[in-house]
Amino acid sequence: MTTVVKVEEKLYVNRYLVDAGRPHIKVRPHETPSAALVALTHVCPAGCYTTNDRGQVEVAPDGCMECGTCRVLTADSGEVEWNYPRGGYGVLFKFG
Amino acid sequence: MSEERFDAIVVGAGPSGNAAAYTMAKAGLKVLQLERGEYPGSKNVQGAILYADALEKVIPDFREDAPLERHVIEQRMWMLNESSYVGMHYRSEDFNEEKPNRYTIIRAQFDKWFSRRVREAGATVLCETTVTDLVRDIKGKVIGVRTDRGGGLIHADVVVLAEGVNGLIGNRAGLRPELKPEAVALAVKEMHFLPQEVIEQRFNLKGDEGVVIEVMGTVTDGMTGTAFIYTNKESLSVGIGCMVSDFARNETTPYALLEQFKNHPSVKPLLEGSEVKEYAAHLIPEGGYRHIPEIHGDGWLIVGDAGHFVNAVHREGSNLAMTTGRVAAETVIRLRQLRSDFSKADLALYRKTLDESFVMKDMKKYKDIPNFLHGNAANVFGTYPRLINEAAQRWFRVDGVAKREKERQIIASFRKGRGLRGLIGDAFKLARAWR
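Line by line, the protein sequences are chains Z and H. Everything in the first sequence is counted per our numbering, starting at 8 for the first residue and increasing by one. Everything in the second sequence is counted per our numbering, starting at 629 for the first residue and increasing by one.
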């Protein structure tokens, strides 16, 4: 597949109430990420996960749609700490 | 708040939680429903098709004021390859009936309406409140919850967990195991807005008539999954979903897959000129019967997606959610009359009632389908759609080749594409899984 899609453009139309300074998803400090954690850089439907230049995976969950895919994929490795945002915060679906 | 005591607490305000809260409140129980979203529906995602039967059994007159988009008069099932589709369409005037059987809905609006009905029935609904813990007594019986609002423990005789597919509360309390990547699908969806008359022209509709298109084939890149297009009044819900385990193995992103689907030559003209107003993602528990966790225990019940109640073959989920929610509520009402202490033994009535209903019968019927697909995705979603589309083209193209020769070529293409043993094996395995 060759389609290049900018996920930012998709997320742009969504509504969010970001809980500034309190990210609901954190990647635990690691040296080498597991295959599951690396997979999140393409599986996350909001493109929240990226690999830094040291090969570690980072998350910026501002565009997160709270689907839970990263939680399920890393449940065994425990590399992702996943909580729901505080009540009222996070994505606000207009249509759902 | 901390001193208050409820007959029942319902965690979550989706279809299962609303059906449960409504049914119990209507029967006079003191019900507290907790929802983490700003409003009920703000965290909820579905295609979405509403099956009237399940809702009618909760709110018989729902058609009077529920926000319904279109009633479904036509079902299209498409099998795609890269350039074409082979379709099976069923359209009937009989679906233009006084009480239609299926509707398209927009969940944020529908859930708000349902929640208003829950409040009117007498339940207390608290939004923007995330439940953080289940609280148990020394014997392990669930006696209430704690929330991120502080204020300590909120007591209840029974807690109904309607917390959806990411059932954090149930998981953390050890009531159910964590979901497996091969038992859950990730779906992404866009809302495409178009003028009402454009939708009606493109889909051959009038008034509130609607069409749903379910799609399988090469568009999921050999992964187990399906795509869909549903007609709403002034929008189209367009989405695609595949198993999370397949996505992890594949290199593609969910949004690239969605773009690929939208750009298919059979799909693109339907979306032409639309304005996208939302992009959503959601998990669907599609592991089937074998992945249903324990759904009752001392002081608790699990309903809806949290209990893995999805019939992936028939695209049914919200109806199972509403049915399990209603049955859970009816169980609580009945046990209360019997002055039960809501022990696990007493709450087993919930499981027993579901076992005897279509819910568990259907879940059991398809218990082997996930395994069949899991080992065979490349063939079911790639090889066969390709072969069938190629066969159709060979058959319909008039090119001076004798019909008997065409038949021979088609049969040969199947034998070459999947092998005789593969063909027979697949047919046998599918028949066995389907029974």
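Think of the hints as simulated: they come from the structure by calculation, not from any bench. Worth double-checking, as some hints may not be accurate.
Cut-off 20 Å, straight-line C-alpha distance, at most; resulting in silico cross-link-like pairs (EDC-like, lysine to aspartate or glutamate) [as the list claims (entries may be wrong)]:
hint, chain 1, residue 1, chain 2, residue 2
1, Z, K101, H, E806
2, H, K808, Z, E16
3, Z, K13, H, E666
4, H, K905, Z, E16
5, H, K896, Z, D69
6, Z, K13, H, E879
7, H, K861, H, E721
8, Z, K33, H, E666
9, H, K905, Z, E88
Outcome of the hint check:
1. K101(Z) <-> E806(H): violated (29 Å)
2. K808(H) <-> E16(Z): violated (31 Å)
3. K13(Z) <-> E666(H): This hinted pair is violated, its Cα atoms lying about 28 Å apart.
4. K905(H) <-> E16(Z): Between K905(H) and E16(Z) the Cα gap is close to 11 Å, so the pair holds against 20 Å.
5. K896(H) <-> D69(Z): Measuring from Cα to Cα gives roughly 31 Å; hence the hint is violated.
6. K13(Z) <-> E879(H): holds (16 Å)
7. K861(H) <-> E721(H): holds (19 Å)
8. K33(Z) <-> E666(H): violated (23 Å)
9. K905(H) <-> E88(Z): Measuring from Cα to Cα gives roughly 30 Å; hence the hint is violated.
In this structure, the hints that do not hold are numbers 1, 2, 3, 5, 8 and 9, in rising order.
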